[in-house]
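So the protein lines, in turn, are chains A and B.
For the first sequence, counting from 1, position 301 maps to 533 in the numbering used here; every step adds exactly one.
For the second sequence, counting from 1, position 52 maps to 75 in the numbering used here; every step adds exactly one.
Do not take every clue at face value.
Claimed, not checked - Result set (DSSO-like, lysine-lysine): computed pairs, CA atoms no more than 30 angstroms apart in a straight line:
1. 237/A <-> 57/B
2. 333/A <-> 46/B
3. 503/A <-> 57/B
4. 108/B <-> 503/A
5. 57/B <-> 88/B
6. 30/B <-> 237/A
7. 110/B <-> 331/A
8. 318/A <-> 83/B
9. 457/A <-> 83/B
10. 235/A <-> 116/B
11. 493/A <-> 57/B
12. 83/B <-> 235/A
13. 503/A <-> 110/B
14. 491/A <-> 83/B
Unchecked claim - Below, a sample of chain A positions facing chain B; criterion: calculated Cβ distance under 10 angstroms:
15. 250
16. 252
17. 256
18. 260
19. 264
20. 453
21. 460
22. 534
23. 535
None of these hints come from the bench; they were simulated from the model.
Owing to the predicted nature of the structure, the values given are computational and were not obtained by experimental measurement.
For each residue, glycine too, the CB sits at the ideal point set by N, CA and C.
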Amino acid sequence: MAKLKDLASMEDRLVAGHGLCLGCGIPLIFKMVLRATEDPLIIANATGCLEVCTTIFPRTSWNVTWIHSAFENAAATIAGVEAMYKSLKRKGRIPKDKKIKFLGVGGDGGTYDIGLQALSGAVERGHDIVYVCYDNNAYANTGGQRSSATPFGASATTSPEGSQSPGKLQWRKDLTKILVAHNIPYAAQSSPHRWQDLYNKAKKAFETEGPAFLNVLCFCPTEWKYDESQGIRLAQLAADTCIWPLYEVESGKYKVNYKPKEKKPVLEWLKPQGRFRHLFKEENAPILEEFQKQVDRDWEELLKLESF
Amino acid sequence: MSKETWKELTIGTINLDAGNSVKNLTGTWRSGKKPEFIEENCIQCFFCWLYCPHFAILVKDGEVKGINYDYCTGCGICSVECPSKEKSIVMVKEEIELAGGSKK
Ligand SMILES: Cc1ncc(C[n+]2csc(CCOP(=O)(O)OP(=O)(O)O)c2C)c(N)n1
Ligand code: SF4
Ligand code: SF4
Ligand code: SF4
Ligand SMILES: [Mg+2]
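Chain B extracted, bound-state conformation (with noise of 0.2 angstroms):
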């Protein structure tokens, strides 16, 4: 992709590419701890997905399928909310890698 700047925008600053904003890595901002899936826990309640700030939830085919680290903040608001006996998302260390946040 070239790069971003203001002279490629169009005339009265209207932003023709509606949603580019996948393009920002979110989950670059994580320090320290992050979500674990444990599918064998999970009732599919999608209170996961409703929660999440960060549209990080990994649903495929009409099932929580895990989380999508390259958007997830690692706020913890997911494990906190979710409801099974055993929770299906625990908080876990994570080892904070330095990394770009913007996907070419």
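In isolation and in its complexed conformation, chain A is listed as follows (with noise of 0.2 angstroms):
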């Protein structure tokens, strides 16, 4: 099993400098993503946060080959590049043996909402490539506007609560499970408080023949509004309520990987959280209760894909 002291030693391919924010959770995400491979890796990277605070020009944190797609189609793009190099190997301008891998990165914007058909599409061929969602719930980039991961209650730009709304009316898209229905070798939920699950996922992704998808949760103090030390906490809370369970999906078979001993409530996991704020008022209860119902749900739901 992999050391944090031994990780530590290895050379980072995403580096110092760039403009994330205090306490984001992005770089702790892929601090561990990009060290479940040793081997050669090209990156494509849809916009978002991520895209735009590593590259501020003329500058770049990466130290890894690494390209600018547009929003909608880092899947495709890096479906692309896998493509082109699968020809290079077959007309033997490449060794055969070769090892490279191929990484498609975006954030729930990118990859839940307008890049969802770039991605079916690039898993659905079979490409051999990697995936990666940080799920920060929202266009952060761009100010916080709701996206399909928004949780159903919050307040969000454009799902703002107020006398007429309390908050975002839809419940979450799970996009894990979507993936899963294109029957890809192997789909799975992570989040970086456990950063061991992230690893042994990542580098399961990475050995995958053919699409391997990591949909991970991503704390965001700016959007989510908390105080910016709490992030791992908040990780924590988000798996020990099943508001955010770990799973994967290999062939087919589900494993559930973390089951908290005592499941709490998700008041807990709301609570700290400046967007979620107004639930707490009178009025709203009965959204914290409808909340509460469809976590439970969704978790019973979990368990018995297992049980199969």
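Take each chain as given, in its own frame, and dock them per the hints.
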């Protein structure tokens, strides 16, 4: 098993001097993901906080081949790169056994929403790629618009709470299950607070032949509105409340990787976050109740899926 | 170093100077608090290195040695997550000094 001390001595493929916010979860996620392979790596990155803040002109935080994709097509870009290398191998231009890894990266806006068809196409065609979505529950880089990953009841700039609305009215889209429905060899959900879980899943994803997908919950102090020192605490609470279950699906077989000894009420995750503050007003009590019920339903369903 | 303008970029806006963002000193963002490392309490668990968003934990010869204030933004995650019995990283007040933010 990998030791943190050894991982710390590896060269960083994403380096210091990036412009991501104080307390941002994104760099923690990629610190692990990028260590999970030692092969040469090519990355296509959809626009969003990660892309913008790591490549502020004329500098870059990437110590690895990296392509800026448009918002909607990181998966198509990396699929094209993978196909090109395959063709170069076929033509004998590079050795057949040369190992290169291909990674597509996007936020929830660039993955759940506008990039979904590119991703669906790329995995359906069976490209040998890994795609990592860092889900910070909003279009963070453009000021916090709602996405289809934004939780029910959250206040976002395009689903603001107020006298006419209790925040976002729709339940979040379950993207991981959508990827599972593509019958790809590997799909998983993870979180940066459990580094072994994230590292192991990223390693499995890179080692998988064919498409692999990772969906990682990413805390965002700016849009979630909490004290920026508390990100890892919140990530832990998301797992303990079962709001963000850690699980993986290998060739159709579900495995839940973390089952809290005591499932905590969703309130504990919601309370420290300003985007949910209004839910604690008396008139919004039914929203809170509905939130808890839906989380319970989803968790029960996941446990059932695991038992098959 | 000469002034960086778009004229120096390779055609196709390819940046060949991989990792040159290390010239951006994000430590200048700190506003009023900074972490302090207390070596004798440290159990070398590397959680601070793992959880630091700004790559600001100094590691040398396989040991955590302190904070790199050139990059530390003072977010406080390292201190919250430090699990040693007596904290090995504590947040302390810091006088704010206005600085340039770019290494020449
Ligand atoms: C086609 C298109 N529409 C809109 C934008 C503006 N835009 C840039 S980043 C972004 C939000 C990205 O959200 P997400 O993918 O969740 O990443 P995050 O910013 O949260 O990291 C938007 C709307 C764009 N670049 N291209
Ligand atoms: S807005 Fe959120 S996700 Fe974007 S850089 Fe800031 S903390 Fe990170
Ligand atoms: S305060 Fe934040 S940026 Fe500074 S060393 Fe600690 S975790 Fe890193
Ligand atoms: S988290 Fe604390 S105990 Fe662990 S290595 Fe860092 S300073 Fe030492
Ligand atoms: Mg987002």
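Here is how each hint holds up against the structure:
1. 237/A <-> 57/B: 24 angstroms, holds
2. 333/A <-> 46/B: It holds: about 28 angstroms lies between the C-alpha atoms, which stays within 30 angstroms.
3. 503/A <-> 57/B: With a Cα-Cα distance of about 27 angstroms, the restraint between residue 503/A and residue 57/B holds, given a limit of 30 angstroms.
4. 108/B <-> 503/A: 28 angstroms, holds
5. 57/B <-> 88/B: 16 angstroms, holds
6. 30/B <-> 237/A: Measuring from Cα to Cα gives roughly 42 angstroms; hence the hint is violated.
7. 110/B <-> 331/A: The hint is violated at about 43 angstroms.
8. 318/A <-> 83/B: 40 angstroms, violated
9. 457/A <-> 83/B: 35 angstroms, violated
10. 235/A <-> 116/B: Answer violated: residue 235/A to residue 116/B is near 33 angstroms, above 30 angstroms.
11. 493/A <-> 57/B: 36 angstroms, violated
12. 83/B <-> 235/A: Holds: residue 83/B and residue 235/A sit about 16 angstroms apart, inside 30 angstroms.
13. 503/A <-> 110/B: Measuring from Cα to Cα gives roughly 26 angstroms; hence the hint holds.
14. 491/A <-> 83/B: Roughly 37 angstroms between the alpha carbons, so the hint for residue 491/A and residue 83/B is violated.
15. 250: 6 angstroms, holds
16. 252: Since the shortest Cβ distance to chain B is 6 angstroms, the answer is holds.
17. 256: Interface hint status for residue 256/A: holds (5 angstroms vs cutoff 10 angstroms).
18. 260: 6 angstroms, holds
19. 264: Hint holds; residue 264/A Cβ to chain B Cβ min 8 angstroms, cut 10 angstroms.
20. 453: Where the cut-off is 10 angstroms and the nearest Cβ of chain B is about 8 angstroms from residue 453/A, the hint holds.
21. 460: 5 angstroms, holds
22. 534: 27 angstroms, violated
23. 535: 30 angstroms, violated
Hints 6, 7, 8, 9, 10, 11, 14, 22, 23 from the earlier list are contradicted by this structure; the remaining hints agree with it.
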